[in-house]
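Undergrad: Here is what each chain is made of, one letter per residue.
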Amino acid sequence: MGVLKRKARLGGLETIGLLGLFALVIYPLAFLVRESFLWNGSFSLEAYRQILSERSNYSALGRTLKVGVMVTLAATLTGTGIAWLCSRSDMGGRRRIAALAVFPFMVPPFIGAFSWGQLLGPVGYLNKVFFALTGLEKPFFNLYSEAGIVLVMAIHLYPLAFMTMTKAFDQMDGALEEAARVAGSGWHRVIRDVTLPVLMPTIANSALLIFVAAISNFGVPAALGFSNGYFVLTTRIFDAVMNFSHKNHFSIAAALSILLAGVAGIALFTANLALRQRRYGIVGGKATLPSRVPLDKFHGWTTALVWVFISFIAAAPLVAMALTAVTNVYGLPATPANWSLKHFSYVLGKMPAAQRALKNSFILSVSSASLAVIFSGILAYVAAKSASTKRSAIEFVATLPYAIPGTVLALSMILAFNKPIFGFRLYDTLGIILLAYVARYFIFPMRSVLASLDRVSGDLEEAARVSGAGQWRRFKDIVLPVIKPGIVLGWFLVLIPTMHELTVSVLLWSVGNETLGVAVFTLQESGGIQSTAALALVTIALTSILRWISGKIGGKEREL
Amino acid sequence: MLNCSGILNRRVLSTVLKNLVCLILVLVGIVSIEAQTKTSGIVTIYTSVPENLMNEIAPLFAKARPGYSLKVYRSGTPDIMAKLEAEAKSGKINADVVWVAETTSAEDLKDLNLLRPYTSSEATNIPAQLKDAAGYYYGSRLINMVLAYNTLKVKEPKSWNAMLDPAYRGKVGIPSPANSGSALYALGSIVNRADMGWKFIEAVRANGGVQLKNNSDAVQKVASGEIFLAIALDYQVKNFRDSGSPISYAVPEEGLVMVVSPVALLKGSPNPKGGEIFLEYVLSKDCQEFMSASQSVVPVRTDVTPPRGVPSLETLKAMQSDAVFIKKNKGALVEHFVSIMTK
Amino acid sequence: MANIEIDGITKTFESKPAVSDVSFEIEDGEFVSLLGPSGCGKTTLLRCIIGLLRPDEGRIAIGGQVMFDAKSGVDIPTEKRGLGMVFQSYALWPHLRVADNVGYPLKLRGLPRSAIDEKVRELLELVDLGDVAERFPRELSGGQQQRVALCRALASQPKLLLMDEPLSNLDAKLRERVRFEIKNVQRSTGVTILYVTHDQAEALSMSDRIGVMKEGKIAQIGSPTAVYARPSNGFVADFVGDGNVLPVTVSGHNMWLKGGENLGSLRLELPEGMRDGQEAFLVVRPEDCVVAPAPSSGSPASARDKDEEGIIATVQQLLYRGRDKEALLTCGARRLRAILNPDMPLRPDSSVIVKFKRFHFIGK
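Chains as they are written, first to last, in our numbering: chain A, 1 to 560; chain B, 1001 to 1343; chain C, 2001 to 2364.
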C-alpha cells in the first residue's frame, strides 16, 4: 500500500486539494450536469431518454469502446515493450531511441491525422510510391477506416505508456528481480513472474490514461472517420453541440458527454478494483540498482527492428509535414523544383497572430504544466492517504475534465466563468484558457504522481514524522523529492498537449490570446496547408526544446 | 558524479518552480488587467469571414470611423454559435456584432433570441431578398458554392452532372451540410430542383461520392488530387488557384448556389452603439466597393458597380435557393444526406 | 523518576485486539526490550508510543509530559513528541546524502548549518561512519545503512529512542557487532531505548529489562535474569531461552511428571507453600539438565534402583554446536531439551537419565 497506512490528519493540504478540485472541476462541470437535466428550460430526464432511444448512439458507444480498447492494447504493449528495452535491456542506442520514442506525442492529434493522411491517405506519399511500384490503383492501406483511426491514435498515445513505464522500470528495486533470479528463474520468467506483476499498477495506470485519451479524442475520428460515416461518441457530441436548429441540443450534448464520462468512470473503477490489493511499496528505504538484461543472440535483430519502427513512426509524419511545408504549390508533386521556404517565413515573419500564438502557447503551456503539477501533487498526496472510497472518488472527479470532449469542457468553462467571480472576470483573458488547460490535463501529473506515491513505501515519511517534520515539511522535504520523477514526467505530460491544444482553446481564445492550436487550425481552415504544416513544425520544434530543457532539469532519475 | 548533481538538481528545481509560480501569477495578472481596461471604442465581432478579409477590414474600419476599433474572434460558424449560445446561457453576451457565412445561422440566432433588430440607413440600397424583413440581419456579401475540380485530372466541367461521370468514380465529394451552412444551402438548392433532387445526391453516392468535413476540406482534397470534383466555395478555390495549385472552379450551367453572408447585432452586447457603427460600415458603399475589388466578393448593393471579373447581382447565374425551406428543414436535410452518404 | 509511563494502552484493529491494556514504565536511561513472537502486538505498541497509531484506550506520558490520553483527548502528533526511531527497513531517504539524512531532524529544529555539520560529524564518528557522510544511502552496505539510521534517530537527542527490529535485515555476524555498537552508543549518549525484537538473544544481551509479550499483553516484565531464570509462566519460559516446561504433580518429596509416573522421580527442594498433591509446572533450562547414560542392561523402567534419582529419557536428536551439543530427548509424551558436553558419547535412541541442576516452579 502507498505512502501511509494510517489515515493521517491532512489539514491544510487536504483543504487546498479539495478546494482546487472544486474550483477546477466540480464547479464548471456542475453546469454541464445541470444542462443535461434541462429540457426547454425545466428539469427533465428527456435528454437522457432521447440519447438512449437513439440507435446510432449505441453504435457510436460500441465503436468508442472498441477503438478505446484496441488503442489501449496496442499503445500499452508497444510503449511498455520499448520502455523495457530502453531501460532494462542492453539494446544498442537506448538513449537515442528513448528520445525519439516520445516524438509522436508531440505531434498534435489533428495534425497527426493530417500528416498520416499525407502519407497513407488515398493519394498519400506512401500510397503514391506503392502505386508507382505495383501499378495498382488501390491503396495498400486505407487510413480512412477504423483501423486507420486506431493506428493514428495508438501511435500518438503509445509514448504515454513509454514514458510512464520507463520511470517505473528505472525506479524499481533491483533486489526483487535478483531474488527471482536467485530462486532459479531465467530472465523471461523474471519478467513474467516478478517485473510485470510488480509493475502492474503502473501499467494499469498508463493503460487507463490511454483509454481515457482514446475515447475522448475528437481530432482523429473527426479527420479520419467522417467521410465514411464512422462516428464515435465524441463526434456525435460535436454534432449535437453544433446542431443549432435543435432547441435542446446543448442538453443532448451534455447528456452524451456524461455518458462518455461514465465510460471513463467505469474503466477507472474497474482498474482500481483490480489493483486494490496490488499497490506495493517497491521503492523502500533500502534499494539496489536493477541490472540490465542481455539480449544475447537477439541483440542485433532487436536493436535494428526497434530502430526502424521508432524512427519510422517518429519521423514519417514529420517528413510528410516537412515535405508539405516546403511545397511551393500545393497539389503539384513534392519535388525539389517545387520547394520553397516561403511558408516558414510567412508564419514566422508575416503573421502576427502566429507570433502572438507562439508567445501565448509558450506561456500557457509552461504555466499550466507548472500549476497542474503543483496542484496535482497536493491532490495525489491527499488521495494516496485517503481511504479507498474517497481516493476513488477523487480520482474519478479528476478524470472527468479529460474524459469529456474539449469542446464540452470549454462550453462548461464559459458557462461557469463568463460572469465575474468576486469581481474578477477570467473570460476573454489568457486566464480562462489557463484554467481550462489545468483542469483538462492535471490528471496526467496526478496519475503519474499517484503511481510514484504508490511505489514509495510509507516508512520514509514516517521517519520524517518521527524526526519532527510537520505535514508541509514532510511533503516538501521527503515526499516531493522522492516522487520527483513522477512530477517531472507529469509536468512534461501537461506541457506537450497544452502546447498545441485546440478543442478547448478554439472556444475560449480572444484577440491577442490566440494559441498555437488555434493559429494552426485557422490556417488549415483558410486553406493554407503549407503554412499549416510549417507552423505545426515550428510548434513541434518548440515542444522538443522544452522537452530537452525539462530533461535537463529533471534528469538523473536513477539517483533514486 | 552523484555528489554535486543531486543538490544542484534540487536547488535548480525548487528555484525554477518558485520563479515559475511568480511568473505565471504576474503574467496572468497583466494579461487579465490589460484585457479589462480597454473598452469604450472597441467593437467586438464574432465572425467566420475569412481571416485575410478581416485582416484588411479591421484597419480600414478604424481609419474610416475614428475612435472605434475592431476586436475580432474568428472561427468556424459552429464555434461562433456554440460560444454565443453558452455566453447567452450564462447571462452575458460579449460580442457586439456577429458576421457569419449564411442566413440559416442568423435565423438560428434569431430563434435563440440573441439578435437585436436594427434599421440600417445604408440598407436602402440592398435588395429585399438579401436582408431580414424585420431588420434582424443584413446580407453583407455574396459567396458562391461552385464546382471545384482538379485541373490535372478533369477538363472544365459544364454541369453539376459531371459528378456522376463514371470516369471520376470514387473521386467526387460534397462538404457536409452538418458542419457548414453554405454546404447546407447548396444541398437545399440541389434537392429542391426538379431535375436534380435527392436522386442527384444518391447518384453521386452511387458513383463513389464521399462527404467531406467542411468547405476547406473539400478544396484541399481537390487541390491534392485526393478527389477530382467537389462542391466548394469560390473564394477558397481562388486562393488555392492563385497560389498555383492545380485547382479551379466552374459555374455549372444549372447555376451556382448563391449564399448570403449576413451581419447582425447582438442583444445585450457590451457596446451597442459601436456595433451599429460597424454594421453600417460593412454595408456602406466604401466597404462594399473595397470588398468586391480586393476579394472579388459580389457586392450586395445595387449602387456598387463590381470591378472587372466580379459578377454583379444581376449577371450572376444562380440556382433558386429557398431560405425558408432550407431553414425549416435543416435537420431533415442533414439527416437524409448523412444517411445516403454513409450507406 | 519514571521517565516513560505507558498506562492501559489498548489498540484494536477491526475488532481484533492487537494490544490490550498494556502498562509499564521505563526509567531514565534504561534499555527496555519488547520481546515476543511476530503478531504479538509489540510493533503496534511501539507505533502507539511514537504516535503513528492512535490507541483506543490508555495514556502515554514521556518525561512528565502527557503525549496521549484517551480520556482527556490529548494526542500530541508524532512530529511534536520529540522521540527518535530506527525503522526495520531503516527508511533512509534515498534522495538525501548520509549527512543530510542524519542532519534532517536538526535542520527541522532550526539549528544553524555549522552546528548541524558539527553534530552530524560527531554522530557519524561515534558509529565509525565519518567517511561516508557524502554518500547516498544506496551506496552503503546494510550494516552501514543501519548505523546511519541509528545516527539519524539520535540526532535530535530524543527523550526516548524506539527501535523496531533494527537488526533483522543484517547477517548473524554483523548483528552481533551492531549489538555492541548500540550498547556503546547508549552508554555514551545515555539515551533511553525501547527496543522491539523477536530475537531473545538480542533482548537478553542488551536490555536492562525485558517485557515479554503474548497476544497483545505483557506476559512478564523484568530483568533479563529474572525473565530467563524465573519465568512467571509457561509462555515466557518457553519463548525465552527455550526452557523446558514440564507439568508435574508433587507427592511427598517426590515430584512426578504428569502422565508418566513410572518414568522416575526427583527428590527436589520444594519451594514454600507447595502442598502435597499440588499440580505445577517445572521450568528447567536446557543447560541445567544433567544427562548421563542409563545403565545398559534390561528395560530401563524395571531395572531401576528405587533410590536412584532422575528421569529416564530417550535421545531423539543430537545437534553439534561447536562449544556444546544440544540434545532433544523424549520422556514419555514430553520433550526435553538439554545442553550436553560435546564429548559425551551418546547416539540417537540411547537411553539416558536426566537430573536438574537448577529449576523453578510455576504455579498452575
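Derived by calculation from the structure, the hints in this document are not laboratory data. A hint or two may mislead.
Stated by the list, open to error - Derived, one-sided and incomplete: chain B residues facing chain A with beta-carbon distance under 10 Å:
no.	residue
1	Lys1092
2	Leu1212
3	Asn1215
4	Gln1236
5	Ser1284
Think of the CB as a built atom: it goes at the ideal place given N, C-alpha and C, for glycine as much as any other residue.
Undergrad: Can you name, in rising order, the numbers of the hints this structure does not satisfy?
TA: Structure breaks hint 5 only.
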